[in-house]
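Participant: Okay, here's what each chain looks like letter by letter:
Protein chains: 2
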Amino acid sequence: MKKKDTTQRILDAAEALFAEKGVSNTSLREITSRAGVNLASVNYHFGSKLGLVEAVLKRRLDPLNKERLKRLQAIKREADSTGKAPSVRAIMQAIFEPILIMVDTQAFIRIIARSMTDPDETVKNVFLREIGPVFRLMFSLLMRALPHVPKDVLFWRVQFALGAMGHSLWAIGRVKMVPEGVDASISRDRLLELWLDFCTEGLENP
Amino acid sequence: MKKKDTTQRILDAAEALFAEKGVSNTSLREITSRAGVNLASVNYHFGSKLGLVEAVLKRRLDPLNKERLKRLQAIKREADSTGKAPSVRAIMQAIFEPILIMVDTQAFIRIIARSMTDPDETVKNVFLREIGPVFRLMFSLLMRALPHVPKDVLFWRVQFALGAMGHSLWAIGRVKMVPEGVDASISRDRLLELWLDFCTEGLENP
DNA sequence: GTCTATAGATTGATAGAC
DNA sequence: GTCTATCAATCTATAGAC
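If you read the protein sequences in the order shown, they are chains Z and G. Residues -13 to 192 (our numbering) make up the first sequence, in order. Residues -13 to 192 (our numbering) make up the second sequence, in order.
Treat the hints as calculated values from the structure; they're not laboratory data. Any given hint could turn out to be false.
Repeated chains share a single entry, so a pair holds when one copy, or any two copies, can fit it.
Claimed, not checked - Okay, derived cross-link-like pairs now, DSSO-like style, lysine-lysine, Cα gap no bigger than 30 Å in a straight line:
#1 162 - 7
#2 162 - 52
#3 44 - 62
#4 162 - 137
#5 162 - 62
#6 70 - 44
#7 162 - 56
#8 137 - 62
#9 62 - -10
#10 -10 - 52
Between the sequences and the hints, there should be enough to build the whole structure, so can you do that?
Facilitator: Shown next, in the form of structure tokens:
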């Protein structure tokens, strides 16, 4: 079995550590020692720590948001051709489900969740840039699906739905506060289902 | 006008900076220079940076969660004495409204929101310790309000609601991505109302 | 491409005068 | 309690041998 590419090893190690402790609580030394590579190789391959942060996020966010966009565009085409309003549930599913489908590691989910909340400037910028087109298309479809909901109200409901998604993705597998008698373990598919129920209800509320 | 206490000045400056950039992106030098006090005074008054972090969070979370607990206990007493199930909306209101009522600065809201997501270990620990009793009482009341919802499902719905709250509190006043024609500015009371509508609907879903 | 060695900056913390 | 001065550790980044 061939040893993995240095670039990949660094990305994997950085992803795990960024997801776990946040970008600025992770040093390049931790990353390279976990990856089993030399400290200087980070700067050789990525130019700087910022370059590495960008690369780590883009590796996941890029295909994720491409897949989301593809699904949303399919929903739009369907709505355009039939003249019927798109389904709220289908729209939201197009946002969440690609995360579960494209998973290959536990760290993947966490880096997505982390990218929504990490205080680091670079993280915020990359996240917003990457999700921009997805967000705009999602919002315009939701407006068509829910013409009776005022735009400004819809905007905040979408924020609620995204906040719920991010928080639950973050909590999955690492819930700290579980009431007695509750089984907090959950499959990803089940989480998707519960989230869709929850936020479809909240979005459609008249 | 008397100059404020050094301790207070440090707490205020630290709160603003922690809320803005996160704990580990903020140095003691930034804090003391913003507060107009000497660098060494942080260690004199708080022992260490960790001590300061704890103090900053506790100053807000302590009275906040006391107020929440008071309200939840009142709801419990009412339910106990009348034998009627408590109202989901009232329970959720007891969680969110105290944040708005106890506000004295913009930074206050952000430090609450930040405390839910900052990757720093100390932040997470203080937040969980402080909210523990509130969470348990809230959950037991929700179980009484929604006896037909399985515990495990309810648990995740509560996570959704809290995630929605945290994210929207964070977004308020600093929304980065606003679709054309949408007015994302919103009063705190209005946000509370929208959030209650959203998550009451989602929690009660059969 | 990979390594050692180190520069250069910044950090949290503290000793000691006032 | 407040200040200056500084230590010791840690960080990112880079120069240069291999």
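Participant: Check residue 162 against residue 62 for me: Cα-Cα at most 30 Å, and say if that holds within a copy, between copies, both or neither.
Facilitator: between (40 Å within a copy, 25 Å between copies)
Participant: Is it within a copy, between copies, both, or neither that the alpha carbon of residue 70 lies no farther than 30 Å from that of residue 44?
Facilitator: neither (35 Å within a copy, 52 Å between copies)
Participant: With identical chains treated as interchangeable, where does the CA-CA distance between residue 162 and residue 56 reach 30 Å or less: within a copy, between copies, both, or neither?
Facilitator: between (36 Å within a copy, 24 Å between copies)
Participant: Measure nothing new, just compare the shortest in-copy and cross-copy C-alpha distances for residue 162 and residue 52 to 30 Å and report within, between, both or neither.
Facilitator: Between copies only: 21 Å across chains, 33 Å inside a chain, cut-off 30 Å.
Participant: If the cut is 30 Å between Cα atoms, do residue 44 and residue 62 qualify within a copy, between copies, both or neither?
Facilitator: within (26 Å within a copy, 48 Å between copies)
Participant: If the cut is 30 Å between Cα atoms, do residue 162 and residue 7 qualify within a copy, between copies, both or neither?
Facilitator: both (16 Å within a copy, 25 Å between copies)
Participant: Pop the pair residue 62 and residue -10 into one bin, within, between, both or neither, using alpha-carbon distances up to 30 Å.
Facilitator: For residue 62 and residue -10, neither the intra-copy (40 Å) nor the inter-copy (58 Å) Cα distance is at most 30 Å.
Participant: For residue -10 vs residue 52, is the C-alpha pair at or below 30 Å within one copy, between two copies, both, or neither?
Facilitator: within (26 Å within a copy, 53 Å between copies)
Participant: With identical chains treated as interchangeable, where does the CA-CA distance between residue 137 and residue 62 reach 30 Å or less: within a copy, between copies, both, or neither?
Facilitator: within (19 Å within a copy, 37 Å between copies)
Participant: From the Cα coordinates, with 30 Å as the cut-off, is the pair residue 162 and residue 137 best called within, between, both, or neither?
Facilitator: Cα proximity of residue 162 and residue 137: across copies only (17 Å, versus 36 Å in one copy).
Of the hints listed earlier, those the structure fails to meet are numbers 6, 9, in rising order.
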